[in-house]
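Make a model of the complete structure from these sequences and hints.
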Amino acid sequence: MKKMLTQLGIEEERVRLDWVSASEGDRFAKIVNEMTEELRQLGPFSGNNGGDNG
Amino acid sequence: MAKPKLALYWAASCGGCDVAVLDTNEKILDIANIADIVFWPIALDFKYHHVEAMEDGSIDLCLFNGAIRSSEQERIAKLLRAKSKVMVAFGACACFGGIPALGNFTNRDDIFQRVYIDIPSNANADGVFPRTLTEVNEGELELPELFDTVSTLAQVVDVEYFVPGCPPPVDIILKVVDLFATGQLPPVGAIIASDKTLCDECERTKEEKKITKIYRPHEIIPDPDRCLLEQGIICCGPATRGGCGLTCIKANMPCRGCFGPPPGVVDQGAALVSAIASIYQGDTDEDVTRMLEEIVDPAGTFYRFGLADSLLKRKRIQKAEKG
Amino acid sequence: MKKISIDPITRLEGHGKIEIFLNDEGDVANAYLQIPELRGFEKFCEGRPVEEMPRIVPRICGV
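Residue numbers (this note's numbering), protein chains in the order written: chain H, 679 to 732; chain B, 166 to 488; chain V, 15 to 77.
No wet-lab data here; the hints were simulated from the structure. From a predicted model like this one, the values you see are computed outputs, not experimental measurements. Don't take each hint at face value.
[Unchecked claim] Looking from chain B toward chain H, a few residues come up when the C-beta cut is under 7 Å (computed):
| id | residue |
| --- | --- |
| 1 | Val438 |
| 2 | Leu457 |
| 3 | Pro463 |
| 4 | Ala464 |
| 5 | Leu477 |
| 6 | Lys480 |
| 7 | Arg481 |
From the three backbone atoms N, C-alpha and C, an ideal C-beta is built for every residue, glycine too.
See below:
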């Protein structure tokens with residue numbers, strides 16, 4: 679999936695796969711915070727910057 | 166009673182769909198008997214101004230093949246839509262974008278740069294690109310604008326029916342003509358093919374879908390009787406609509422999805438990622454890394470004919486800010 | 015100058031138009047053939063597996 683998304687110009691950091699069980703509340707919070715911070719660094723996703731008819 | 170009027174047109178196309186209609190062989194005479202063909206550039210000498218002069222809705226059936234990637238293709242799509250009662254997206258390009266939609270991995274500037282400057286087979290010392298307006302001594306010449314993005318027909322105009330395939334097989338073409346001639350057209354929005362996946366139609370033996378290695382089609386000689394996917398060759402059958410008669414499978418080559426997604430699947434490529442991932446046996450990180458190396462061009466393989474029809478539609482364009 | 019447009023040219027594979035400019039005597043001063051299409055195979059084949067080329071490039075021309 680990541681390889682395909684990279685081919686389509688989407689940074690692989692925008693997709694993350696993790697397994698968290700219902701009893702791992704702290705770990706869930708940690709992962710979400712980490713990803714949120716990464717995404718903040720990447721900035722908002724702009725679909726097409728300057729392309730026409732897209 | 167006047168014969169119904171039929172029009173055929175090609176946008177970003179290869180002509181294969183028009184040839185497919187001609188492949189009906191002697192039955193083309195039946196088609197010509199049933200209908201008045203009022204526009205068909207590959208075969209008849211009608212011009213755009215003839216179409217412009219027609220009354221709106223006076224064309225009974227328009228078979229439109231080819232994807233939309235220029236202002237002229239968009240204009241003629243809209244013109245034919247206005248003049249036609251029924252518009253059919255004919256062939257994989259009009260339905261899903263087709264091979265031309267692989268252009269959505271790139272953009273106009275990069276295409277121009279490659280085709281007119283970088284390519285070794287072109288001598289273009291002045292670095293001329295096509296322009297929409299060119300002044301010559303005698304006056305002005307116009308060319309349509311080429312878009313960055315390839316669209317399907319339905320993304321540009323309303324479409325009543327879809328006939329998939331690259332090209333649509335002769336039996337489906339004859340079925341379309343027959344349904345139209347006998348007034349038995351299905352509900353609007355129908356895709357005129359099977360309602361099942363290719364796997365359902367495939368006659369190869371299927372045992373267990375568990376693979377530990379993926380082969381590129383040239384790396385092995387597949388057993389012609391066994392499921393290709395089970396032999397480790399990526400086949401798009403699981404997420405492709407059936408009805409094609411298994412042309413590629415019978416040639417011992419894997420399906421590449423030219424009939425588009427099956428009913429219920431919105432994004433063909435995503436469905437294929439899911440299908441392949443679900444049969445690949447791998448427990449370790451090494452397995453996953455190896456698998457990724459073995460699938461050489463996932464986006465181009467899983468969206469071979471349908472990039473324009475996918476949820477993302479195209480590769481993200483990031484142009485430098487202008488002005 | 016009077017201009018005659020033949021658009022589209024027909025009964026061949028591909029898209030084209032011809033613009034013919036006539037001078038005051040009604041003779042052809044110049045004629046231009048234009049190809050109003052480009053799909054970009056030369057570019058979008060880059061990055062595709064080589065063994066897929068025989069399945070992609072025949073779609074340049076279906077005739």
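For this session: Could you check if Leu477/B really has its C-beta closer than 7 Å to a C-beta on chain H?
Result: holds (6 Å)
Problem set entry | Restraint satisfaction for Lys480/B [CB to CB of chain H, less than 7 Å] | Constraint on Lys480/B satisfied, holds at 4 Å.
Problem set entry | Satisfaction of the Arg481/B interface hint, Cβ to chain H closer than 7 Å | Because about 3 Å separates Arg481/B from the closest Cβ in chain H, which is inside the 7 Å limit, the hint holds.
Exercise. Does Pro463/B pass the interface check with chain H, least Cβ-Cβ distance below 7 Å?
Worked result: Status holds, d = 4 Å.
For this session: Under 7 Å, Cβ to Cβ, is where Leu457/B needs to be relative to chain H, so tell me if that hint holds or is violated.
Result: With a closest approach of 6 Å, the Leu457/B hint holds.
Problem set entry | Val438/B as an interface hint toward chain H, with CB separation required under 7 Å | For Val438/B, the interface hint holds, since the closest Cβ of chain H sits about 5 Å away, which is under 7 Å.
Exercise. Going by Cβ atoms only, is Ala464/B closer than 7 Å to chain H?
Worked result: Result: holds, 4 Å to nearest chain H Cβ.
Violated hints for the displayed structure: none, as all numbered hints are satisfied.
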